[in-house]
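> Given the structure of chain A, go ahead and fit chains B, C and D onto it with the hints provided.
The lines below spell out each chain.
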Amino acid sequence: MSVASVAKAQPALSIEHVAVHFGGLIAISDMTFTVNEGEVVSLIGPNGAGKTTAFNIVTGFLRPTKGTVHYRGAPLTDLKPHEVASRGLVRTFQRTSVFQSVNVFENVMIGLHRRGRSRLWDTLLALPREKASERELRTRASEILAMVGIEHRARDLAGSLAYGDQRLLGVAMALAADPSMLLLDEPVSGMNATETARFMELLARLRGLGMTILLVEHDMPMVMGVSDRIVVLNYGRIIAEGPPAAIQGNPEVIRAYLGEGVKKRARGS
Amino acid sequence: MTDKKKFLTVFAAAAMLSASFATQGFAQTIKIGVNEPLTGPFAASGTYVVNGAKIAADEINAKGGVLGKKIELVIEDNKSNPTEAAAVAEKLITNDKVPVIMGAWGSSLTLAVMPKLLEYKVPMIVETSSSGKITTSGNPFIFRISPPSSVEAHAFKDILPKLHIKKADFLVINNDWGRGAAEDFGKVLKANGVQVGYVETMDQAAQDMSAQLSKMKSSDADTIMVTTAVEQLTLVLKQAAALGIKKQIVTTGGSQNPDQLIDQAGAAANGTYHLTTFAPWFPDNTPDPKATNYFLGEWKKRGFNFAGATESFRGYDGIRTIVAGIEKAGKAEPAAIAAAMWDVNFTGLNGKIKFEKQGPAGKESGQSIPNVYLIKIENGKIELPKL
Amino acid sequence: MKRYLPWIALIAAASIPLWLHDPYILNAFITTGIFIIAAMSLNLLLGYTGQLNLGQVAFFGIGAYTSALVSLGFDVELIGGIRVVHEPWPVWTGLLIGIVVSAFCGYIVGKLSFRVRGAYFVIVTISFAEVVRLVALNWVELTQGPLALTSIPPVTLGLPGLGYYDFFSKQSYFYLVLGVLAISYIIISRLVNSRTGRAMVALKENESLAVSVGIDVTSYLVLAAVVSAGIAGAAGGLYAHYLKIIDPDVFLFLYTVTMVIMVVTGGKGTLAGPVVGGLIFGFIPVFSRSFVGPELQWIIYGVFMIVIVFVLPEGIVPAIEKWFASKDKSRMPESTQAQVQDAS
Amino acid sequence: MTEFLQHIVNMLILGSTYALLGIGLTLIFGIMRVVNFAHGELYAFGAYFVYFVSILLGLNFFLSILVAIVAGCLLGALIEVVLLRPMRGADIDTTMLIMIGAMIVMQNGEQYIWGGVAKSVNTPFPQAPLVIGSVSVSWLSVFVFFASLALIAASYLLINRTKLGKAMRATFQDRDTASLMGVNIQMIYMATFALGSSLAAAAGALLGPVYVISPQMGNIASLKAFAIVILGGLGSIGGATIGGFMLAFAEEIGAGYISSGYRDAMGFLIIIAVLLFKPTGLFARAERIG
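Residue numbers (my numbering), protein chains in the order written: chain A, 1 to 269; chain B, 270 to 656; chain C, 657 to 1000; chain D, 1001 to 1290.
Mixed in with the good hints there might be a few duds.
Reference listing, derived: stretches of chain B covered by chain C, where coverage requires no fewer than 3 residues with Cβ under 8 Å from a Cβ of chain C [as the list claims (entries may be wrong)]: (1) 347-358; (2) 374-382; (3) 393-406.
In case anyone wonders, no lab produced these hints; they're calculated from the structure.
Beta carbons are placed, not taken as given, at the ideal position from N, Cα and C, and that holds for glycine.
Bound conformation, chain A alone (with noise of 0.2 Å):
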């Protein structure tokens, strides 16, 4: 697997000496790492070492102290959210992952914003571009809810799924804002064995289909199952990175982060 990977090692994603200061806490001190494409990098660390921030920053949420981004060879420091979005790069969200008051489908068409073709006259003046748009919109939306397995569920209201369920809806959003790199936050958090193992299939289908994924995630055995490498955060700097049998055996690790005992979040907390 890490072999098919490293033929291509084309970088896709390069953070630079970023760093990020909240007044006089630092978040992140330096941090430098890159994805290339097609590869599956986990960010992993401590509470608190920094992991989202580092999305939030990657994303357009939040602006570098310090350092670059870029994707595919384009600075993404100043960007707004939206614009990092239609640059192709997509995220999840660890908590509210969903629009609740809103049905899957529903949800999946809000994913659907930026294939959308009909401009404002069209709407207005209920144009047939507007009808043939949404018609696609649609049928979109239905093969992508196939595609992650909740298509059952699909007029029902997302704040009524199940909390695997809803992570699985937040995934389908991300996919269907058309991306070329997914960053997931702790997608399986909350997520039983059954549907951590589907949730794992399912990744494995996206990287087949040639998606550049990072992910956030605690849970350790789906991690090392799923990565081709990866980068360990604690107190907001790297303290390794390499393929996953490397990190499990890499003593600063397993002091810093494993050595207070394999975390797995509380399912459904």
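Relative to chain A, chains B, C and D alone:
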């Protein structure tokens, strides 16, 4: 299904409502519409006017009414709001079938009612509004008994030399009334060789006028002309005294209510001059002492605050004017009353009520020219100054 | 069935002048209709994007003043001695220009004020309306200030040489208002049932999530503000030409409150909400007037408002929908989605 | 120069009362996330209460003010328990609507009880003003100024030096955490609303005698309080105090040197200017993402 049901309910309710109104139409009495602000910022004044109107109605009914019928006031609240004033006029005319209306206190309220008068050809006696536009816009159903500021200013011309003004600043409420007064009095002052300094405004709801007054304190004018209603006037006098302003203060507009001023502004009111159209303190000096005494007696008997008399007399005179018109017309029909208004000629509490034509030829409005008095507050008492 | 309801309602409404001959009630329908249009414009922002604009009356008033001034003409000296003279134009151009000017103000205000959210946004919009009111009050040369703009001509349709039709009678004005109301309803319903509407709902629900899938939140907020302001401006224009007088009191906070009450009690984020809420609160004064004294009318109004918010916090229309849904035993999603699905 | 000094003195007096008005609103706003449209009505309530107690019942003027403050506190607690507590967790515009309803009911209730005619309260202060050089000010205003400052200082101490204040601050920072740490949130909310209301009533009790008391006096007070809160920032007593003086300064200078017609626009213009030049800096609350 839901929407249909909702609509049906509403329509049914509306139909019931209109039916209930339709049954009220039997004319055992002659109805007179009263369209006044009873809530909102002008509530106090509107209520005074209505109370004055009630005294007139009771007096007339006690004497047997008019044309052999009693009169009935249909009083509606226009909420100090032009939209409501227009809606109320509509209701009075079409539901209550009143042949004549009195209203609507403020100028914007009256102006909002005016298109309705044209639409239904129903006359209205305007008892308070002062905007010049009311009688000059070509609405032949308007008959005004209150003086616009130009009339007041014109009367002020004769008093002016005795006040020895060299330069005057204006402090006026920021509405049609205040702005109109500043303009009309300004013209008269300039025409008589008096300089006009600052013209400052105050928001209708403003309570603190120190900033405007501080500016005037350091100006070289010797007189401040103030136009606003009594509440704000109280504040102006108190704040002027607090700032140590020792200039001559002359107020205009007829809503000063000197008794309330004395009561609430205390010593700050001493030495101030007020142009007013009704002088209840000196009933014997009013044009019709008997009527004045009767009115004041009733006002007191009903337990109203004496201070309100300077507002309420307009409601009293308004209803008396309407009844005089109905009597002249010989029937309680809008067109006849409108035509007969031109023949009304009697002495009201503040002078002769007789309408002169104003506005574009062929569709003139009526304007009655009342008396204007200058009074002075001295040591907490109201005096007719010897000038 | 559901998709025909608005048409049934429209036909029912159109029949009103045929059987209702009481001009006072018809007048109440017209003014209520005008405020329903304004409430619908507010609902687009509040119900679909979640932004509470308590300065909505500013757009209403701007539309009213613009339309009145275009059809009355004006002569103004600007700073630097530039004199602008405008001869009266036909009223329908006034209405259109009023809409455009309002929409443009919506754009400016949207650009500026969507930098803040929540309670700050609310207070900023109130401030805007107050400033506009004070300008209308003090720029006497243009607006006549407190002296009010009077003799505003009635709405007339037509072109030179082709004949005119004027909306002077109450019946014709009723149809004019109903027509504008229907057009506004269609515009709003198409908008909220489209990709644009989904973007608005998304940002109301969860702004961060919305931007993460590539929705440019600010541009949709501004779009909503523009459309909303334009519709409010249309309502204002209708108001000015119906009442034939406007003064700076059209900017009173009370009018915005009226709109908010109509929207929230009817059901924000539903197309029918402002209509239902508008009819109720437009007619409460008409009913209560015949029973109780002036202050009590207001107190009833206020208490009724609190009670509705307590009992039906989501509003009347969603409550009715839920009730029918539970009665039918069939699952019926919440109003917002129900409408979105209508398009399918 | 004389005029300017007078404007400055006016500004200080006006500003102190604005600050008092703003503090109550900002606390309620900051801690409870409730936009209290009835704030101005509590202000009017305080004024009417002083009128009632001192004129109709003949109580001592200073005592009347104290009684009015206590009454405002009780009324605030009552409003909180009856109107706001059942709607806990509702979004901001729902509670705001309730407060608008309360405003309509209270304002018209005042008119129903007291009538539309303005009331005034006589005070034991001499009518002749205090004159220092070219500057002149009434004794009553001097009293109002110092009483306002004392109340502002008292609220500051209450928030910063007492257990209750500490719990309020904790709730302001993070309600959930405060609740976990054993703070009784219901109690804090009631206390906050009662405190805010009593400050509004205090402002009304102090200013009622300075001005006149009418049912509409609350409208403008609410509007000014909003402007002050925006200028001063959320939940900050210091901010509201500064905001109050800023607004008074802008109004005085605006009316004195620009145009009195735009006097009341000054505060709103400042808000818009603040927005233009510092859209997030002065008062934005960082949204937590994820």
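> For the region 374-382 of chain B, count the residues whose Cβ lies under 8 Å from any Cβ of chain C; is that count three or more?
holds (count 4)
> Taking 8 Å as the C-beta cutoff, is the stated coverage of the region 347-358 of chain B by chain C satisfied by three or more residues?
Contact hint for the region 347-358 of chain B vs chain C: holds, 7 residues under 8 Å.
> So is the region 393-406 of chain B in contact with chain C by the C-beta rule, three or more residues under 8 Å, or is the coverage claim wrong?
holds (count 3)
Taken one by one, the earlier hints all hold for this structure without exception.
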